[in-house]
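Undergrad: Given next are the chains, with one letter for each unit.
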Amino acid sequence: MDLLEYQGKQLFAKHGIAVPSGEVADTVDGAVAAAEKIGYPCAIKAQVLIGGRGKAGGIKIAQNVEEAREHAGAILGMDIVGPHGEGPFRVDQVWIEGGSDIAEEYYASVILDRGEKKLLAMVSAKGGMDIEAVAAEDPDALVKRHIDPSGFDAADARSIVADAGLAEDALDEAADALVKLAEVAREEDATLIEVNPLIVTAGRDVVALDSKVTIDGNSLFRHQDLAEIADTVDDPQEQMAKEKGLTYVKLDGNVGILANGAGLCMSTLDVVAQAGGAPANFLDAGGGSKAEAIVNALEVIKSDAKVSAILFNIFGGITRCDEIANGIVTASQQIDLGMPLVVRLDGTNSEEGLKILAEANLPNLHQEKTMLDAARRVVELAGGAS
Amino acid sequence: MSIIVGENTKLAVSGLTGREGSFHGLRNKAYGTDLVAGVTPGKGGQDVEGTPVFDTIAEAVSEAGANTSMIFVPARFAAAAIDEAIDSGVETVIAITEGIPVLDMLSTYWKAKEKGVRLIGPNCPGVLSPGKANVGIIPAQFFDPGPIGVVSKSGTLTYQIGNELKQAGTGNSSIVGIGGDPIVGSDFIDILTMYEADPDTELIVMVGEIGGDAEERAAEFIASDINKPVVAYIAGFTAPPGKQMGHAGAIISGSSGTAQAKKDALEAKGVRVGESPTETAAIAAEMLRSL
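Read top to bottom, the protein sequences are chains A and B. Just so it is clear: in the first sequence, position 91 is 91 by this note's numbering, and no numbers are missing. Just so it is clear: in the second sequence, position 137 is 1137 by this note's numbering, and no numbers are missing.
Please note that a few of the clues may not be correct.
[As the list claims (entries may be wrong)] Quick list of in silico lysine to aspartate or glutamate cross-link-like pairs, EDC-like style, CA-CA up to 20 angstroms: (1) 117/A / 187/A; (2) 117/A / 1198/B; (3) 118/A / 1190/B; (4) 1113/B / 116/A.
It is worth saying that the hints were derived from the structure and are not from the lab.
All chains, full assembly: derive it from the sequences and hints.
TA: This is the structure:
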């Protein structure tokens, strides 16, 4: 689960890391009121889960109330596309914070290194820019060091920030910030914490001017405050799926997909794309074979207006295909899909399942024996790529 | 031979008194796995259809001779149960539980390394050695004994490929589900090493998916250390960047970790990569015939 900038900063503040004070707003009037309270200059920053906001026009400095109104109006409601074409992300909230007097811009992060199975701290004196570019062009400018699982103290942190070449008079404070970032990782179950830039102000204070934080979704049972954030998903289909306990990710195409198991579902998206189609979603039905689970899944898929045909790809392991077939028959009596449904059932009791479907003789239901044939069929029925 | 589980496996199931644990533990027993104990704190002295239940895994080892532990404990208690298993004296711990916080697994991973215990999972379907033993939730009916070793991050995808191999008239030495979480006890390299040393394995099928760089690392390792032929399949070519798809491990950030990057890395080292599960099984069957 990714946190918005201001949510990450609130987490930093909780652990004693200095951040500019500010307020969040979701209307122009609210943003202006916040700016008036905070004073000028102030920064008005789009709150979206994507980098490159500044370049996209999502971060503006206001010098007075007129500018605050103008910038908030421009930013709220804008669509931001990420540097790798992600999104677009609609801006529903802005964060207004006091302008900072920046003397130096650094980079600091603590991330989970899956390969080495340790937390990794990274620090660079070249902050405020694309860190991937820094790492590629000047690898020595980015100091990377694993955090000892048995402990990480001020001395360890100080040697990292010193090696990164941070200003001598900022070393102690920067080391302190790094120790606290590692504490955020461990205590809040964050798998990625990035601060770019970590600034030194003209008054020589070290302040986190931005935040990018990813929290391990599996840990939310022990983080009540973060679990509440996780409940606010903006996409209507994703929200609906979440309420029904399904794993759903919305995509851009017109072929609705339902499969059991994350791996098989991803593979189904791939074969549909190979057949020339455009998947509309990822939906892992898990082991759910009951009619209710199937009805829920079909309702979520159908609620996406772009979908013009659905592929149901099941490989029954412990889940039995005859139970799934019965679920499909029951579901088709409860909801009117109004579009073709291609079903491929394989694995445990697949023959019984296929027989049940054949006997039910459902309108607009097409059976295929293999995954590849099913993918070709659904693409044909959906009317090609959207 | 086979790897990780086989005729000598003596299994203790943590969580055997629970719904999932008893269903799958007893299925494993029905397959022929030597189920010697269940473990549930506070339920020592009971039995589950004749299998004695102990309070601790250490007792299952000392009293019932368990050498393999399977963990079916709810996520928030699972890391502690795995830690207990690592300390109990078993050789192998297979953790089926999904949803364990990843930072809990960091310390558990290193504990297993220090103690020299083979940890498989978590969030995995387990290990099946067809005709010998099944520890986990893999539906055994899709797999016959044979010369192909399978190692996979995914469950259902593995069943799909196994079923196609069976229809192609071949079978498996073992099927190892390593799990899709960011931190798992054993990765592709560990299992590839075991298959390389296993005389019954002639060919290896590796099933990966987006996220992390385990496949890229495996590609390097295959080039340097594996002499047996390897066929690979990667899922997730159409996954959008930055989106999580079910498995916590299936996260891509930026360009590294994409399915295409993994495919390219494997092909650069001479590993054939199937376009679909069907093609992967077909390539494996064809390569086996020409060995």
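Undergrad: Run every hint past the structure and note whether it holds.
TA: Taking the hints in turn, this is what the structure says about them:
| no. | hint | result |
| --- | --- | --- |
| 1 | 117/A / 187/A | holds, 17 angstroms |
| 2 | 117/A / 1198/B | violated, 27 angstroms |
| 3 | 118/A / 1190/B | holds, 18 angstroms |
| 4 | 1113/B / 116/A | holds, 13 angstroms |
The structure fails hint 2 only (numbered hints given earlier).
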